[in-house]
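In order, the protein sequences belong to chains A and B.
Our numbering runs 7 ahead of the 1-based position in the first sequence.
Our numbering runs 1001 ahead of the 1-based position in the second sequence.
Hint data in this document are derived by calculation from the structure and do not stem from the laboratory.
From the three backbone atoms N, C-alpha and C, an ideal C-beta is built for every residue, glycine too.
Just to be clear, a hint being listed does not mean it is correct.
Derived BS3-like pairs (lysine-lysine); straight-line CA-CA distance at most 25 Å [said to hold, decoys possible]: (1) B:K1171 x B:K1182; (2) B:K1118 x A:K198; (3) B:K1109 x A:K198; (4) B:K1241 x B:K1216; (5) B:K1118 x B:K1172; (6) B:K1182 x B:K1172.
Sample of chain B residues with no beta-carbon within 10 Å of chain A, all distances over it, derived [stated by the list, open to error]: (7) G1056; (8) P1076; (9) P1077; (10) H1094; (11) V1107; (12) R1108; (13) R1134; (14) R1151; (15) L1203; (16) H1214; (17) L1360.
Residues per chain are reported as follows:
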Amino acid sequence: MMRRQDVGWWLLILPAFLLMTAFYVAPIAQVLAISFTEPTPGLGNYERLFTNESVQRVIITTLRICVITTTISLLLGYVLSYRIALASPAAQRWWILAVLVPLWISVLVRAFAWVTLLRRQGLVNETLMSTGLITEPLQLVWNEFGIVVGMVHYMVPYAVLPMLASMREIDPRLLAAARGLGAGRITIFAKIFLPLSLPGLLAAGVLVFIFTLGFYITPALLGGGKTLMVAEWIGLQILDLLRWGLGTMMATVLVVAILVTLAIFSRLVDMKRVFGGGGA
Amino acid sequence: MSAAGHSLALRGLSKRYGSFTAVADVSLDVGQGEFLTLLGPSGSGKTTILMCIAGFVAPSEGAILLDGQDITPLPPERRDFGMVFQGYALFPHMTVAENVAFPLRVRKMGTAEREAKVRAALDLVQLSAFGERLPRQLSGGQQQRVALARALVFEPALLLLDEPLSALDKKLRAELQDELKALHRRIGRTFVNVTHDQEEALSLSDRVAILNHGKLIQQGAPAELYEAPRTRFVADFLGKSNFLAGTVQEVFAGGFAIGAGATRVVTASAELPPLGSQALLSLRPEKMALLAEGETAENTVTGSIASWSYLGAGYALNVATPDFGTLRITLPSWNAPIAPREGLPVRLGWSATASVPVLDDEP
């Protein structure tokens, strides 16, 4: 029997539960259903995962861009977090503000800003040409390079936050103790700091990788329609080509891929770190 | 581990942070194989001095000499000093054995030699069976011993201890005090300890240096400091003390007498103050006795018990006197001459040598 107290608590979360079911779980269930029924019932859509070259190409492109973006974001984020973690408390506040500001700027604005900077007559190409380093403008945008630049820019704050949290938990006395015991800077980093910040690094990796899998606006604008990632490809199938079955199949694959990633990483690292649950 | 004590000297050491002076012109000598404790309240500069010795803090002025050689500019990793940090600072991702092996790995010692030394160090602190555990699986006392083993395994010139026992409960602290002392005897190395716990300082050290507001107030053997404190601060910080203030009324060979109100108190002293000057005497609570009817002493004061408490081994009485305020006196409880009761009139007596003239360095 449920106690009266418990009923009260369940009633409190009921509205949120209904909302989630009606607008989140139900549509996803429907997506799953459509992927098995359109245009004809069966596994026809999923068969294309193994037979259709363009389906395979979009998956491979997406994975490649995601892995590159995640790697670069983690590298840049780690250096940044390291710098912030070792800064004075007053300096830390400014650093964190500087990291967070890009998060508050619309993704659309940021993508267009990158286009402006990276296009053939953009600031980067003009500067390189005027210094004589290159004679022809470089193709910096509307390809994978442009997408990676835009996505890394978007993802670095997400990489910094979990890593910084885990670095801040490292007792500075440990680093002093290692020094006192005779260790140089490199040894202290490799043997003490890096192993202790590894949970944060893994957490940041999961977060960034999952985020990048579903990127839509940034690749759409910086890829210029030539390099397709999964999200844009799904949009294309459903909105332009009206191939609902194929689009929902890919959407399902994406959801499954995210769940599988989470399942693998939850064995390696405490998931509370990724989603910021209370305590370590 | 062979006995290989080194000597350490501080010469005019000062450390300033902006306009704040953390350490002011401290000079100290630590002899070979000596156990020195820096004792003081928080903010007295004792930890700053230890951090200067360890090399983590660069002194604003002065020099640190090891066996006569200036090591002031050396970074901590090149000083070869073992250090036990407050809270131990064990590496949480390494086992006990890996923690102890860390300073040897850093020194690129061969595997066989390293393993033998780690085993010997863990034997020394009686933790041989715990090598494969992680620090968090050990009790506070065991962690403390791992920190000791890690600090001693590379046979450092000096062992520095930063409040090594402060995180432990009282009973365990007493146990580890004995162990630490025995360890010091056994390996004969030079130890420099920092603490704010006066009992720990008295029981562990060969010599204690008392600090306050960044200044070295007095140094000496524990008994010397306790029996002959030079200032009011030292008398008050080490143990408990009563203070008797009065005007110097008479000076004679080997002592003088002060008067306050109707009471006259004689004290033994080598230094003799001028007649008519103000003097302050420190008088330990256990050095007074309750006088029976007709019994006499060199100094006597009458008063009445204002309050009292039973402490197991003894009684502590607060006796209100007309000329010296409230005096604290302790008596062994098993043969106490009276049953304490509030308001009971008593007569206190003590010898001239029991009270010690001290400098009044505290307002």
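Going through the hints against the structure:
Note on K1171 of chain B and K1182 of chain B: the hinted pairing holds, with a Cα-Cα distance of about 17 Å set against a maximum of 25 Å. Restraint check for K1118 of chain B and K198 of chain A: satisfied, since their Cα atoms lie roughly 20 Å apart, inside the 25 Å limit. Distance restraint check for K1109 of chain B and K198 of chain A: the Cα-Cα separation of roughly 14 Å lies within the 25 Å cut-off, and the hinted pair is therefore satisfied. Between K1241 of chain B and K1216 of chain B, the direct Cα distance comes to roughly 21 Å. Compliance with the 25 Å bound is thereby established for this hinted pair.
Our distance criterion of 25 Å between C-alpha atoms is broken by K1118 of chain B and K1172 of chain B, whose separation comes to about 31 Å. Between K1182 of chain B and K1172 of chain B the CA atoms are separated by roughly 16 Å; this keeps the pair inside 25 Å, and the hint holds. With 10 Å as the threshold on Cβ separation, the claim that G1056 of chain B sits away from chain A is violated: the shortest Cβ distance comes to roughly 8 Å. Non-interface status of P1076 of chain B relative to chain A is broken: a Cβ of that chain comes within 10 Å, the nearest being about 8 Å off.
Consistency note on P1077 of chain B: stated as away from chain A, yet its beta-carbon is not over 10 Å from all of that chain's, at 5 Å minimum. At roughly 5 Å from the closest C-beta of chain A, the C-beta of H1094 of chain B falls inside 10 Å, breaking its exclusion from the interface. For V1107 of chain B, the non-interface assignment is contradicted: its Cβ lies about 5 Å from the closest Cβ of chain A, within the 10 Å cut-off. Consistency note on R1108 of chain B: stated as away from chain A, yet its beta-carbon is not over 10 Å from all of that chain's, at 6 Å minimum.
The beta carbon of R1134 of chain B is kept farther than 10 Å from every beta carbon of chain A, the shortest such distance being approximately 18 Å. At roughly 7 Å from the closest C-beta of chain A, the C-beta of R1151 of chain B falls inside 10 Å, breaking its exclusion from the interface. No Cβ of chain A comes within 10 Å of the Cβ of L1203 of chain B; the nearest lies about 27 Å off, and the non-interface call holds. With a closest Cβ-Cβ approach of about 25 Å to chain A, H1214 of chain B is found to remain outside the 10 Å limit, as its non-interface label requires.
With 10 Å as the threshold on Cβ separation, the claim that L1360 of chain B sits away from chain A holds: the shortest Cβ distance comes to roughly 38 Å.
Hint check: violations occur at hints 5, 7, 8, 9, 10, 11, 12 and 14; the rest are consistent with the structure.
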